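Residue numbers (our numbering), protein chains in the order written: chain F, 1 to 250; chain L, 1001 to 1250.
Treat the hints with care, as some may be off.
Stated by the list, open to error - Every beta carbon over 12 Å from chain F, so not counted as near; a handful from chain L, in silico:
#	residue
1	P1037
2	D1040
3	A1064
4	A1071
5	D1202
6	T1216
To be verified - Per label pair, the in silico range of CB-to-CB distance:
#	chain 1	residue 1	chain 2	residue 2	range
7	L	E1148	F	D107	33 to 43 Å
8	L	A1028	F	W173	39 to 49 Å
9	L	P1187	F	A201	41 to 51 Å
10	F	P250	L	P1102	24 to 34 Å
11	L	G1072	F	A46	44 to 54 Å
Hints are computed from structural coordinates only; laboratory data are not their basis.
Being a predicted model, the structure only gives us computed values, none of them experimental.
For each residue, glycine too, the CB sits at the ideal point set by N, CA and C.
Number of protein chains: 2
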Amino acid sequence: MSGRLCVVGLGPGAAAQMTPQALDALAACDELYGYGPYLDRVPVRAGQARFASDNREELDRASAALERAVAGAKVGVVSGGDAGVFAMAAAVCEAMEKGPDPFRTVDFEVIPGITAMLAVAARIGAPLGHDFCALSLSDNLKPWPLVEKRLTAAAEAGFVIALYNPISRARPWQLGAAFELLRQSLPGSVPVIFGRAAGRADERITLATLADADATIADMATCVLIGSAQTRMVERPGLPPLVYSPRSAP
Amino acid sequence: MSGRLCVVGLGPGAAAQMTPQALDALAACDELYGYGPYLDRVPVRAGQARFASDNREELDRASAALERAVAGAKVGVVSGGDAGVFAMAAAVCEAMEKGPDPFRTVDFEVIPGITAMLAVAARIGAPLGHDFCALSLSDNLKPWPLVEKRLTAAAEAGFVIALYNPISRARPWQLGAAFELLRQSLPGSVPVIFGRAAGRADERITLATLADADATIADMATCVLIGSAQTRMVERPGLPPLVYSPRSAP
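Starting from the given sequences, assemble the full structure and let the hints guide the process.
Laid out in structure tokens, this is it:
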């Protein structure tokens, strides 16, 4: 008998931003797999086993979870944000495609969540109110020249850009290089938002311009939003400025 | 005394996909503004006034809501999906920028939600598992040549593409023209997903390839996802195929 596997998006971190659907799906699992800090966000249920693994072992984790589902267990794999955006759903699909036949018979479900860029955007206005793209800045899984090509294409076509995985100890220079590259295509006045831990107690939203954006502000928990040439800053008396991308474009 | 205004993302439609934060924010409002079918999703609270308006009157609705907030009311503006993605948050920010001074003193908050592309993607695997863009196909607010430029730039740079507002009675030909254009940049085998009303009772997820994608399948409630050349279809015995975009790119 085959069990089932659900990949669950926990949202950006605040409990109030996790959906009832995600909570119900997690409560129905016998076993949970995921990166430790994400597992820590899931309410504890007696009798439910938890298997934490490092953030870089996604394919191994996916295969381990699928094996347990094939053996009949109700398995949950957790992701921060949305399960399908630079997260575990793609790793599980990849393991299903490349793994043994029974992996493709598992009852499989993905539960969406609020992805980081939406949570960050909400805290400063509506920077994603017009056409935008989402790009992982990690060059672990793709060559850096491809990242550069996509950044330039997006900027020149007028997309607002959301950068995931902007920086890490092993990738210290990529975000600075991305800013440097984008300064060739975009005005220096374009707003840049560093959104760290949006919606959580340790949230820090920092607004800069492309000309003065300092990559060292970002860490692994940061999603960086870079406006288009159309993106506006709205000054407010006694309040932080808002940033939005107008619905219309010339 | 100035009131406050929150723009609330209701998620894709299923009650279980609306966050507790959104429900709490809505319950705290004296007055709700929005497109009628979205207002219908909000649990009724005695004494709360509701003002439905047509989907195309976004800036007027934003100004009306801001005026009430300036007068001291607790006002909620509702959006389907996420409030910041092709939705009301940008319209309210625009009204704040262009309107009278008091509009910029209002206590303003945006509550994020699960946007349509995430809900659709979850129903078929992980098509947004790699770099992607989101683009409104409406040419009400931008010239069609700009849409074409963005479609081609995104396809040639290897972004998966999510199309919002793909078709309407007033815009019957745009989606077909977009497919036609994308066939010049992408292989015909690229998966195309028509995601209608994802997560709702009347959900309909249709999988096609770019070569045979038929634009007439889409309606106003559809979000269309178009894979990149790397996006994979995974056949499963006795189950619908999965679609995912691998985390790595060559």
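If any of the earlier hints don't hold here, list their numbers in rising order. none
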